[in-house]
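*Asks:* Sequential numbering of the sequence shown, starting at 44, is according to this note's numbering.
Bear in mind the hints are in silico, worked out from the structure with no lab data behind them.
Among the hints, a few may not be true.
Under the rule of at most 25 Å between Cα atoms (straight-line distance), these lysine-lysine pairs were calculated in the PhoX-like manner [said to hold, decoys possible]:
{"hint": "1", "residue 1": "K240", "residue 2": "K205"}
{"hint": "2", "residue 1": "K216", "residue 2": "K240"}
{"hint": "3", "residue 1": "K205", "residue 2": "K163"}
{"hint": "4", "residue 1": "K216", "residue 2": "K265"}
{"hint": "5", "residue 1": "K216", "residue 2": "K163"}
Note that the structure is predicted; figures quoted are calculated from it, not measured.
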Amino acid sequence: MYGHETALRGEWEFDTHLNYTARGTTVFDGSVAPTEHQVHLALELTRGLTDHWEVTAYLLSAYRPGPGVEYAGWRVRSRVRAPEAWRLPVDLGLAAELEFSPAAYDESTAGLEIRPILEKRIGRWQLQFNPVIERSLAEHDTSGDAEWEFEPSGRVGVAVSKVVTLSVEYYGKGGLFGSALPGSEQVHQFYPGVDLKLGDDSELSVGVGFGTTSAGNRLVFKSRFEIPLGR
44 MYGHETALRG
54 EWEFDTHLNY
64 TARGTTVFDG
74 SVAPTEHQVH
84 LALELTRGLT
94 DHWEVTAYLL
104 SAYRPGPGVE
114 YAGWRVRSRV
124 RAPEAWRLPV
134 DLGLAAELEF
144 SPAAYDESTA
154 GLEIRPILEK
164 RIGRWQLQFN
174 PVIERSLAEH
184 DTSGDAEWEF
194 EPSGRVGVAV
204 SKVVTLSVEY
214 YGKGGLFGSA
224 LPGSEQVHQF
234 YPGVDLKLGD
244 DSELSVGVGF
254 GTTSAGNRLV
264 FKSRFEIPLG
274 R
């Protein structure tokens with residue numbers, strides 16, 4: 044789930060994402076390996092190019108039963124946000140991301156994600172919505188035609204103190220432009236979680252995800268740690 048804020052000009056930020064899938068898929072889906080009992084670690088480095096534009100690079104690794112620790116891909120992302128001087132009723136941003144993954148971790152070797160970002164703060168409450176669209180650029184199975192997929196996500200958070208924020212996130216997946224996936228292949232996941240401010244800029248987020256369909260993961264533990272690296 045992405046917010047609209049970006050690193051300021053000259054700033055560096057470092058994030059780690061650690062996820063464990065306790066209950067997921069149990070058989071191969073084409074070339075994609077079962078997700079149950081997989082552990083994923085992502086290392087993310089961000090640089091602020093201007094006060095409203097940042098670029099980020101990810102390195103992905105994974106552990107799965109049998110092969111053990113593996114390289115799981117890399118990504119590069121550009122994110123911009125609307126200046127405060129525009130005085131919009133909601134905070135706006137836009138992210139574009141290129142994804143590259145081995146066959147065991149994604150049905151495509153390359154993909155493009157376009158992520159509009161809408162955010163609104165009302166007192167202690169924070170509302171976020173990402174109406175994401177994604178397209179495969181290189182299918183492992185070349186028999187099918189690539190199409191845009193709709194992957195909406197949203198978050199509702201409430202600050203209970205200066206240190207603690209409670210939240211619920213939603214992630215979905217389906218077709219777009221009349222190409223909705225069959226009901227058995229749709230994905231709906233909910234992640235209650237907590238964000239902890241560790242000092243002025245560092246943050247630790249933890250959550251537990253529950254999936255409502257067999258096509259996606261049904262129990263996931265996730266965490267994210269963010270730390271500034273200065274200018």
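*Asks:* For each hint given before, does the structure comply? Return the numbers of the non-compliant ones in rising order.
*Replies:* 2
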